[in-house]
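Please build the complex by placing chain B on the supplied structure of chain A, with the hints as guidance.
Take a look at the letters that make up each chain.
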Amino acid sequence: MKHRTFFWFFLPTGLAMLLFIAFPIVSVITQSMFAPHESVLITVENCDPFGCKKETTIDQDATRELRDSKPLGRFVGLDVYLDRGHLAINEVAEAWRTSETMGDFWSRMGNLPFYRALAFTLTYTFVCTPFLIILGMMIALAVNSLTKSMKGFVIFLSLLPFTVTPLIGSLVLFWMIDSRGILGNFISWVAADPDLSIKASTPLMWIAIIIWGVWHSAPFAFVVFYAGLQTLPQDQIEAAQIDGATCWQQIKYVVVPHLMPLVTFVALIQLMDNFRVFEPIVGFNAEAHATTLSWIIFNDLGGETRQLSAASATSVLTILGVAILLSPVLVRTWRDFKGKR
Amino acid sequence: MASKAQQQPLGLKIAVYGFIFIWIMMAAFPFAWTAWGSFKVELDFFSIADWTNAITGERTKMTHGSAFTLAGYEGAWIQEEFWRATINTGIVCVFVVCTSLTIGTLGGYALSRSGYRYTFWLLIAALIFRALPPATLVAGYMLPFFEWNVWGILPTAIIVLVAMNQPFTLWMLHSFFQNIPKELDESAKVDGCTQFQAFRFVIVPVMWPGVITTGLFSFLLAYNDLIVTSMLLSESNRTMVPAIAAFLGSTYNEGQVMFAVAAVVSATVPLFFLVMFFQRQIVSGLTAGAVKG
Chain A
1 MKHRTFFWFF LPTGLAMLLF IAFPIVSVIT QSMFAPHESV LITVENCDPF GCKKETTIDQ
61 DATRELRDSK PLGRFVGLDV YLDRGHLAIN EVAEAWRTSE TMGDFWSRMG NLPFYRALAF
121 TLTYTFVCTP FLIILGMMIA LAVNSLTKSM KGFVIFLSLL PFTVTPLIGS LVLFWMIDSR
181 GILGNFISWV AADPDLSIKA STPLMWIAII IWGVWHSAPF AFVVFYAGLQ TLPQDQIEAA
241 QIDGATCWQQ IKYVVVPHLM PLVTFVALIQ LMDNFRVFEP IVGFNAEAHA TTLSWIIFND
301 LGGETRQLSA ASATSVLTIL GVAILLSPVL VRTWRDFKGK R
Chain B
1 MASKAQQQPL GLKIAVYGFI FIWIMMAAFP FAWTAWGSFK VELDFFSIAD WTNAITGERT
61 KMTHGSAFTL AGYEGAWIQE EFWRATINTG IVCVFVVCTS LTIGTLGGYA LSRSGYRYTF
121 WLLIAALIFR ALPPATLVAG YMLPFFEWNV WGILPTAIIV LVAMNQPFTL WMLHSFFQNI
181 PKELDESAKV DGCTQFQAFR FVIVPVMWPG VITTGLFSFL LAYNDLIVTS MLLSESNRTM
241 VPAIAAFLGS TYNEGQVMFA VAAVVSATVP LFFLVMFFQR QIVSGLTAGA VKG
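Residue numbers (my numbering), protein chains in the order written: chain A, 1 to 341; chain B, 1 to 293.
In isolation and in its complexed conformation, chain A is listed as follows (with noise of 0.2 Å):
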């Protein structure tokens, strides 16, 4: 294809994406080192019979104008990513500094808005991908052995928590687990403590947000690994039986190795999507006890007080976690590049 047709064809899209994907980094990045105009002051002085006193008033029009002629705000810098909603360079230094044992510094740490969320946010997408590849291959593998007639009607529910929005289903799911919903009773009789809410234990709603994200995305896995599973070719199968190799064996031995490349495949991809875990933070009405990145920036811009420049730091601090996880696949993408030419 010419260079010229390549161009019209690929104009819409490319422009799409320029001008709604590329440019708001941009923009986000300018923000960031933005932050609002303080009010402008001013002092008059007022005199009485008493003596004259000064007084500092904030000059409303003037704040306006200021804030209407530059809406970006004033130019700090780095401050934004130093301070103490983003990297909290001094609160970190003085924990550091003042803390006798290192759970005490991680406590202090843990009280940091952003390390809070970063520490969510990793413990989240490093447990749930492994567990929801292994229940993703359980899955497949059952599926697989189950006669024709039942594969459809079971892949058609499997798919259900995959494709249902993850608020409404991390809602569906919080409704269950609330300690007057079924299973919330079913855990606090079983654990026969008629007090026990999750909603009051940060370990129990962190636990309770990992499985509504191995729920949401295990069926992602199954799908990938039952279609894996269709090109297995039988003749090794056959083979590993007449060797004699048990079931568990044919598995390890034959199955896994031919499905590995597709497990690398999910794993790459749902570290990418677990990393901006949000909904279930939202749903679980979960912000006291977790929260994650995204949800950071949700809360920011949300509300009356947009808090444009907060936001945007935190945005540019998550791009470049998403840059390290996403270093691994770009090498992959550039060795299978290279290697088709």
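Worth flagging that the hints you see were computed from the coordinates, not collected in a lab.
Among the clues, some could well be false.
Here are some chain A residues pointing at chain B (derived, C-beta under 8 Å) [unchecked claim]: (1) Ala-16; (2) Met-17; (3) Phe-20; (4) Gln-31; (5) Met-33; (6) Lys-151; (7) Ile-155; (8) Thr-165; (9) Pro-166; (10) Leu-167; (11) Ser-201; (12) Leu-204; (13) Val-223.
Quick reminder that beta carbons are idealized off the backbone N, C-alpha and C, glycines included.
Okay, now just chain B, sitting in the frame of chain A:
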């Protein structure tokens, strides 16, 4: 195929069926439970006294005279005007799917037919864009949209969702078009067609399976999105998902949890039918090459 050697021992078979049963319960039971409970009053759905009340609806009988009530739906749809959100979701989804497929097929086709090196870099750029969490971009939209006075209206949200859809659409359609033999459109060009005519008359008639699959995922992205629609739409233009999120804030406190339950069930119904009718396309889309939404 089912030779004696390949038959599974009975114990294993029972284990497999048991596991499948547990998984099905995990996957489907929460939805069934919530759908059933949405016709009850709050004291039954969240029954502290006796969990069987949630099934039989004792309290619902006391309040409404029958074990089923539409009170939750009435509250959500009429009192809280959920129908408005439903219409908005419909508009957003239709326009997002149509626009993103139109520009996506053109772009994906071009990427699959051009052999130059820049196509690789464009695809890599798309992959990077695909990896960015939508939340990180939203802060970048706010200020310009306020300045241009386009914040809060449906077209803005639609165009943003279309753009966010493009990286995935391009990857998916690129790999799909690569499986359509090049000879098809090349022979059309030999016969004197321009590239666009070759695309229009030769490729378009055979591209529908891939386009429908991609369209399904575009639909799901637009339908399921929370962050873009809740940040870029004003209150009266909200779609279903942000409307439900808003229910959580307001009606939760007024003891109207059942409104939210009814709204959640209402919003799940279209997805349920979507999966039912397009199960095959969804499965093939998830497994198509090394891409996923």
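Now the hints, each set against the structure:
Annotation: Ala-16 (chain A) was flagged as interfacial toward chain B, and the flag holds, the nearest CB pair being 4 Å apart, inside 8 Å. Proximity of Met-17 (chain A) to chain B holds as hinted, the smallest CB-CB distance being about 5 Å (cut-off 8 Å). Evaluation of the Phe-20 (chain A) hint against chain B yields a held restraint, the C-beta minimum of about 3 Å falling below 8 Å. Checking Gln-31 (chain A) against chain B: minimum C-beta separation of about 7 Å stays under 8 Å; hint holds.
For Met-33 (chain A), the interface hint is violated, the least distance from its beta-carbon to any beta-carbon of chain B being 13 Å, above 8 Å. For Lys-151 (chain A), the interface hint is violated, the least distance from its beta-carbon to any beta-carbon of chain B being 10 Å, above 8 Å. Contact between Ile-155 (chain A) and chain B, as hinted, is supported at the beta carbon level, the nearest pair being about 6 Å apart and thus within 8 Å. The beta carbon of Thr-165 (chain A) comes within 4 Å of a beta carbon in chain B, closer than 8 Å, and the hint placing it at the interface holds.
A hinted interface residue such as Pro-166 (chain A) counts as satisfied when its beta carbon comes closer than 8 Å to some beta carbon of chain B; here the least separation is about 6 Å, so the hint holds. The beta carbon of Leu-167 (chain A) is positioned within 8 Å of a beta carbon in chain B (closest approach about 5 Å), and the interface hint is therefore held. Because the beta carbon of Ser-201 (chain A) sits about 19 Å from the nearest beta carbon in chain B, more than 8 Å, this interface hint is broken. Using the Cβ-Cβ criterion of 8 Å, the hint placing Leu-204 (chain A) at the interface with chain B is not satisfied: the shortest such distance is roughly 18 Å.
At a threshold of 8 Å, the smallest CB-CB gap from Val-223 (chain A) to chain B is about 5 Å, leaving the interface hint in force.
Hint violations for this structure: numbers 5, 6, 11, 12, all remaining hints satisfied.
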